[in-house]
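Q: Since the structure of chain A is provided, determine the placement of chain B on it from the hints.
2 protein chains.
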Amino acid sequence: MRQETTFIFDLDGTLVDSVYHHVLAWQEALEEEGIQLSVWRIHRKIGMSGGLFTNQLLRETGLEINEDRIDRLRQSHARAYQRQAARIHPFPGAIDLLRTLDDNGIRWAIATSGRMETAAQNLVALGLDPGSAPVITRDLVKYAKPDPDLFLAAAERLGIRIETAVVVGDSIWDMLAAQRCRALGVGLLCGGYGSDELERAGAYRVFEDPAGLLNHLDEVGGRV
Amino acid sequence: MRQETTFIFDLDGTLVDSVYHHVLAWQEALEEEGIQLSVWRIHRKIGMSGGLFTNQLLRETGLEINEDRIDRLRQSHARAYQRQAARIHPFPGAIDLLRTLDDNGIRWAIATSGRMETAAQNLVALGLDPGSAPVITRDLVKYAKPDPDLFLAAAERLGIRIETAVVVGDSIWDMLAAQRCRALGVGLLCGGYGSDELERAGAYRVFEDPAGLLNHLDEVGGRV
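Note that the protein sequences, when read in sequence, are chains A and B.
By this note's numbering, the letter at position 97 of the first sequence is numbered 86, and the numbering carries on one by one without gaps.
By this note's numbering, the letter at position 164 of the second sequence is numbered 153, and the numbering carries on one by one without gaps.
In short, the hints are calculated from the structure, not lab data.
There may be inaccurate statements among the hints.
With the C-beta cut set under 10 Å, the calculated list includes, among others, these residues of chain A facing chain B [as the list claims (entries may be wrong)]:
1. 27
2. 75
3. 80
4. 197
Where a beta carbon is used, it is the ideal one built from N, C-alpha and C, also for glycine.
Just chain A, same shape as in the assembly:
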């Protein structure tokens, strides 16, 4: 029996060039709360659930964690991010990659730690209809990355076993969550992390961006 490969994609930093904008939007939100944190440390946390991210930051900085503060942070991050929306584009190859998979009958879904309120515009930028595209957002699961719930929900949506899926992401949280559910993690450098970080977190292969993955699709089980 042949094992058919299915792809589960992260969104921000994997299909859409939005990580750096998210990072500086978080810096702005944190500063409004009087929290000063090195920007690279924010970058390294991006991609995990926003709630977990703020919890962890507040704990590390020794500040009081309360619901009001977490809500304010989330809202001011969303505001700061929206202001940069016009500068956010799909990565080279992203649209081609999804189309090539479709054309070859290879199934895929998107699983993002973000909420539909920020994900929708990115889906439109990818030429997808937010209402019908196979997308699992943070709204649909209890725990976001690095828990594997988003990937498990995507597998369920696709009607496949998660052990046959390739998870494509740019952050170590994608790779770690992929290991948790025994999917195969494939890392992309276009979120701005180093290949060593992705490999140490379990990446099976690392490519530059969606165009790089498309060029090497056969290496990860996508026969076209």
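A: Quick look at chain B alone, frame taken from chain A:
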């Protein structure tokens, strides 16, 4: 004869938390010229001379390189960067590190690919007087990083042989330029690059940020 260690520091991303702001300011400037480039690729070029950076980008994108365009890019980058100036802070440990070196009679200088127009505010943020601090900017040499001219000029200013200097930087351009002039390169992760990139470019040691370097100063020849 004992070899006295001297430190030559990069500025942006090494002592001051400004790399991500520079990156998005370059994205903005490039988009004004109709040039769309993935943000992580801009990040990987930061730290080399601005002129070299724009030349290389224009060459890679196949666009015409002319003086007018390069001037416009430089000016619109500077404008976009200045708008974020209020959010740029020294890294944890940066001010302490320079003070500790001073207190222990260990000499140091700053060598930056930036021009004094953008460097001055960062020096002030570090508690330094731009008029008297030992700083070599891009204005003072013919070629910036990855050429070693800035480091050689810093060594001359300090009256030391460059072979006894430790160059501290966050980007591979710092490490490559250090190798070119036989200085020892020490990498910091706070500019947002991976340790493998810095090590592959010749870093002798890699620390998280200036606070990390201060804690491990003895490892790189700074006896305090």
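Q: None of the hints should be skipped; say for each whether it holds.
A: Do the hints match the structure? See the list:
no.	hint	in the structure
1	27	holds (6 Å)
2	75	holds (9 Å)
3	80	holds (6 Å)
4	197	holds (9 Å)
When the structure is compared with the earlier hints, no violation turns up for any of them.
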